[in-house]
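Residue 1 is where the sequence shown starts when you use our numbering, and the numbers rise one by one after that.
Please keep in mind that the hints were generated in silico from the structure rather than gathered at the bench.
All C-beta atoms in this analysis are idealised placements derived from N, C-alpha and C, irrespective of residue type, glycine included.
Heads up, some of the hints might be wrong.
Ranges between beta-carbon positions, derived for each pair [claimed, not checked]:
hint : residue 1 : residue 2 : range
1    : Leu79     : Thr45     : 27 to 33 Å
2    : Trp76     : Arg27     : 14 to 20 Å
3    : Leu79     : Ile44     : 27 to 33 Å
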Amino acid sequence: MKVPKVIDKKELAHLEYEVLLDSNKHRFAEEWCIEQFGPRWSPITNRSGYWAMFWAPGIASNRYRFCFANEEDMVWFMLRWS
Numbered sequence: 001m002k003v004p005k006v007i008d009k010k011e012l013a014h015l016e017y018e019v020l021l022d023s024n025k026h027r028f029a030e031e032w033c034i035e036q037f038g039p040r041w042s043p044i045t046n047r048s049g050y051w052a053m054f055w056a057p058g059i060a061s062n063r064y065r066f067c068f069a070n071e072e073d074m075v076w077f078m079l080r081w082s
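Could you build all of it, start to finish, from the sequences and the hints given here?
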């Protein structure tokens, strides 16, 4: 299986809603998202996922970016984790 070196922004276009979360909560939030929304988006194994999580060093080194396909999921996440 060929692994892409860079993720094309077009592939992430459906994940247009974003929330930043402190790094001390990201693992718990990841588990919660899997339970609520299913498997995380992945460029290799799950391109149809409805959410994704990325470390956000360009924004803040102690934060993770959670991206969602729809606004309702983002708001649900914010209510739970903010």
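Status of each hint after checking the structure:
no., hint, in the structure
1, Leu79 to Thr45: 27 to 33 Å, "holds (29 Å)"
2, Trp76 to Arg27: 14 to 20 Å, "holds (19 Å)"
3, Leu79 to Ile44: 27 to 33 Å, "holds (31 Å)"
Violated hints: none; the structure is consistent with every hint.
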